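Colleague: Fit chains B, C and D to the supplied structure of chain A, relying on the hints for placement.
4 protein chains.
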Amino acid sequence: MLKRIGVLTGGGDCPGLNAVIRAVTKSALRAGLEVVGIEDGFGGLIRQQFRPLNLAAVSGILPKGGTILGTTNRDNPFKYPVLVNGEKKYVDMSQTILDNLAVAGIDALVVIGGDGSLSIARELHNKGLRVVGVPKTIDNDLSATDITFGFDTALHTATEALDKLHTTAESHHRVMILEVMGRYAGWIALESGVAGGADVILIPEIEFQIENVVKKIEERCQQGKKFSIIVVAEGAKLGENLVVQKVIEDSGDPIRLGGIGQRLADELERRINLETRVTVLGHLQRGGSPTPFDRILGTRYGAAAVEALLEGENGVMVALRTPDIVTVSLAEATGVLKRVNPEHDLVQAAKAIGISFGDE
Amino acid sequence: MLKRIGVLTGGGDCPGLNAVIRAVTKSALRAGLEVVGIEDGFGGLIRQQFRPLNLAAVSGILPKGGTILGTTNRDNPFKYPVLVNGEKKYVDMSQTILDNLAVAGIDALVVIGGDGSLSIARELHNKGLRVVGVPKTIDNDLSATDITFGFDTALHTATEALDKLHTTAESHHRVMILEVMGRYAGWIALESGVAGGADVILIPEIEFQIENVVKKIEERCQQGKKFSIIVVAEGAKLGENLVVQKVIEDSGDPIRLGGIGQRLADELERRINLETRVTVLGHLQRGGSPTPFDRILGTRYGAAAVEALLEGENGVMVALRTPDIVTVSLAEATGVLKRVNPEHDLVQAAKAIGISFGDE
Amino acid sequence: MLKRIGVLTGGGDCPGLNAVIRAVTKSALRAGLEVVGIEDGFGGLIRQQFRPLNLAAVSGILPKGGTILGTTNRDNPFKYPVLVNGEKKYVDMSQTILDNLAVAGIDALVVIGGDGSLSIARELHNKGLRVVGVPKTIDNDLSATDITFGFDTALHTATEALDKLHTTAESHHRVMILEVMGRYAGWIALESGVAGGADVILIPEIEFQIENVVKKIEERCQQGKKFSIIVVAEGAKLGENLVVQKVIEDSGDPIRLGGIGQRLADELERRINLETRVTVLGHLQRGGSPTPFDRILGTRYGAAAVEALLEGENGVMVALRTPDIVTVSLAEATGVLKRVNPEHDLVQAAKAIGISFGDE
Amino acid sequence: MLKRIGVLTGGGDCPGLNAVIRAVTKSALRAGLEVVGIEDGFGGLIRQQFRPLNLAAVSGILPKGGTILGTTNRDNPFKYPVLVNGEKKYVDMSQTILDNLAVAGIDALVVIGGDGSLSIARELHNKGLRVVGVPKTIDNDLSATDITFGFDTALHTATEALDKLHTTAESHHRVMILEVMGRYAGWIALESGVAGGADVILIPEIEFQIENVVKKIEERCQQGKKFSIIVVAEGAKLGENLVVQKVIEDSGDPIRLGGIGQRLADELERRINLETRVTVLGHLQRGGSPTPFDRILGTRYGAAAVEALLEGENGVMVALRTPDIVTVSLAEATGVLKRVNPEHDLVQAAKAIGISFGDE
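Residue numbers (UniProt numbering), protein chains in the order written: chain A, 1 to 360; chain B, 1 to 360; chain C, 1 to 360; chain D, 1 to 360.
FYI, nobody ran anything at the bench for these hints, they're computed from the structure. You may find that some hints are simply not true.
It does not matter which identical chain is used: a pair holds within one copy or between any two.
Stated by the list, open to error - Keeping only pairs whose Cα atoms sit at most 16 Å apart, straight-line, the calculated EDC-like set for lysine to aspartate or glutamate is: (1) K226 x E39; (2) K351 x E307; (3) K225 x D266; (4) K225 x E39; (5) K88 x E39; (6) K3 x E87; (7) K226 x E123; (8) K225 x D146; (9) K216 x E360; (10) K225 x E275; (11) K215 x E267; (12) K215 x E360; (13) K237 x D266; (14) K338 x E211; (15) K79 x D92; (16) K89 x E123.
Everything numeric in this text was worked out from a predicted model, so none of it was measured.
Chain A on its own, in the form it takes in the complex:
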């Protein structure tokens, strides 16, 4: 029997989280359930940071970015840092979580998070937790869902930035470089590059040669276009310079491994006679009021997660298979990255209109 459910957000923040929380709360209340908000991700489960969610608590949050529940990129409950005799040790707190939930009378959990958080949810499920996951990844790199919320808003922010850089590039005859999120998957760079009229798009999935970038810029100069726009994903590889190992799972910090933009600029300035400038978009991509698409998808996910729980599903994640919302098992849903296929229709369309990916 389901009487009370909990909801938490884990990993980096993302526009649309509040839409999910609101839809979970509203639809659960209408179904006669009670709803408990868990603060600050999985850590809140350990530290018993619980608060009841009613209609008033979720009123007016739909257009707000971030998460009213708080979140964190840290606090893996299977390796939770505790001080023992002044020394930091990592211990497994999963049983504490199950106990805390039992004490609070929380029968099931909706976990909103990325690959990292959903993997934790899967492990907790294996230990007996009743759970439904909601996918969250601003990079759009989860393979089990067509797309998830947050990406469209990030795409808007990046496209708007390209629109802004365009006029400076043109006025000053400069090469303007925009570095965007995407360590392993170049979706934001690819889509914002097409939408923002970029001349060159550099992504982790397509290895590029600096000479090809130079060639494209020079080709434009010969056509009378004395400026160029480059969008580069933070994980794009300049020659042998490989991206370092992914250290923290599901981290929300977009610039930790950055620097490709500046290095690219340095290389280009040595090769061409145009001023080159870099903008690192960074945290701006995570903020802002969610776009309609993200609000709608978040709302659908939230309602679907509650419906899944009501129908007895467990250990699953809701996912978009256009135009439907479906459920997939957490085991399938986690651990597989969705990267840009160089043969993807959008890459081909981009090449057809003359955008260079630096690979030829």
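Modeller: Then chains B, C and D, alone, in the frame of chain A:
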């Protein structure tokens, strides 16, 4: 053999048209073709309003709304108005069009338009024209494609309007009504209503009773919410008041048949003790810089249309079957409206979080 | 001695009200005062709708439109409607207000409102109330202050609408008319018209002839511009058609007296061979997140109002005399409308670049 | 006699430049003058990059950022780099400019630029050039004018960024730092900080101690606010770390001397137990469609510059003395920086509502 292609836009204007024109031009030029822009829709084919399109002509148009080629809701070439002895007569000018194209050396045509324009394209194709269609419908009511460009931008405009009306509604304890486009299909109302946090959504596909709307507003008052937001599609039916016949096919004018918003307000003010105000969004929904989604989809369509021509396809329309761009025959693509199914997952999600459609 | 102050918002809502409420609360708390929010304008003083305002209550409200306190265009305390034996009578409730304030220990009041609300504040001051006014007028028609908050946001909304209508006008070769707020003063029409690239601006202060508007449109056609943009203030006068008497002082409803846009369109369509379309901006102008200018001015006003009270000022209104915030007596501040002077530098600049006001 | 005038833009690009160019062109044409656009600043005068400007050339540019004429931060004509026997030498090209103008029949020049460009204009005027200046400074640091165009748009961009960072700060309990333009004058930081709800504002004009910043953050934690927002001008001084000499006059590059944001973050992370993240806004502040205010002010400036030339004025600059546009001599107008006075009313209002400037 394909040497020179033409491109035209027909029907109401729509954000993303320029993205298509740009992609058609850029990809055709790269494939070694010449491109001719036809001004002001099918009328331009009759009046020989042709101009060459080169890279410079399409530079900088990606973020611009509308169409650089001009368009019109009139000028059906099969019923083209001409003055004969001072009297207006409607004549078939289709042969003139084929002749004009032959004289100009235009081997094939890309027609960007809605159901009306694509039907004309189909008929011209039946008379021998080599043509590929690109679907355009801001209302999202073409059944052969998942979605088309322009809709996402209109959705943004409507959602932004709802966000704005929200604060006035709340500050003044009013019922605010927003009337949006949608004579036969309520997609804009449905999606903007969910995204904008509406309390009531009224669409042509779901018959509503004014009493159910009143009930929802009163239910909110009892919960301490002394305001409500209603979004109504222009084609929603208030009781026996039916929408008049669709007179002009593919018309771009969103308010000709309007008035449901004001009539709804009058009915509500007679029944409840709250001030009620109406905003008719009208032409604002057609304007503005296209969203990234619409720019990308327009670009994909344009590149795909040229690719289809190059591969010898004819009499087809490009369409989105997520995540792919496909082609469908114009015969199949036209004449079937895509309307909101009341059982649609999004309608159900909306009801689950408490939005009323006035049907219960 | 000042220990506890109240704050209320009166008249139509307006972006920036929350910035004032926040600044009043934050600066008063820092000065050691208590702050009480009065709900729903002067009516809240009569009905004792009081609630304490602390830091948490004003957290996060700076970017929000509207007023967290609620407001109304009705409820004049000197003519307050009460039911006596089932009959509506209007009675003077001013003494009740003074009594309620005394009971609640509220020593002084900050009244945020337009000419109507400030006139009430002045009368209450004459009866002994300690009060400082903060000017609010989205139309920018208060003569005692250079400008006030809300106007800049409304100007943005109107300019953005003109940008959107521009592409439709150009694509369809239409005359697009935008009707904006401004019954007695044409500031929004004038400034948005210049910012939005309008061809014709029609305001209450400059009488226009329809023939001059036609002349301007035809002049443009001859220059190859087959479209025109007209912005018209709701109070602009078409020939002998005079605006009806201002009935409700300080009303927040922008469309009650509307209709000039549609009548203008009808007149133009009879005279020129171009399609003409009207958009009435209406309530959208009052909504939205305030612009930086409006947030800053609201913050300065709020801080200045508390400072004035602390320094013993009374019966005054804060006002912007660029670049300073000053105080002026409520007696001076109310009752005088600031209208556009046809000799104003901005009108002259507009004429110099070819914008028509229909007067020549 | 005035028959033909030239117009050029110098220094860093800035939203509103096109509004000035458009107003100069439109009002000069209406006054019967011819207009010549000079490309790429003063360098274009030397290299004879002239092109005629007619109505078509300035059509549709009002909402566009940047400058259609091109600009550069280099090319001082009094120290113009030329290659002599393969060696770079700096020569005085001012006479060449006067000769080129005479040959082209250009009687007078409108120079749109910042302190650097206007100083060059002044020197050229001293050598006989008929010139009117239009002030441009996105930093708002010209003392001879109340404000100039570009600043309001930059303020919007910075405020929007703060709105976006706010939700991440709150969701993750972080300190978010935004570094904005302002090497010598902190106007953007000050105004965006107040508008964006910053907790700490650090500007070049007010020396700050890191301890005071820490104190403010800790004070907020004690009030239950586990996050803080800091906006810092690029020229703010952290302890003894002084800004290096201004090398290039009137440079448009906002990040060359940057780094204060990152150094501040490093210092804070050593002192407090909160994650700290930095965003450098950089070139985004120069881009984008100008706000209504900037479009209007640019239009007024452009019309006023032509009017001044027509009335025989020479060696002057147009300036805003609210609400009027006046002219001041170039000699007066250049060389004096307008910095934030710590006693400024806005600084005091900010302190009154609890914003820290790190000085106490």
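Colleague: Which earlier hints can't be squared with this structure?
Modeller: 3, 5, 6, 7, 8, 14, 16
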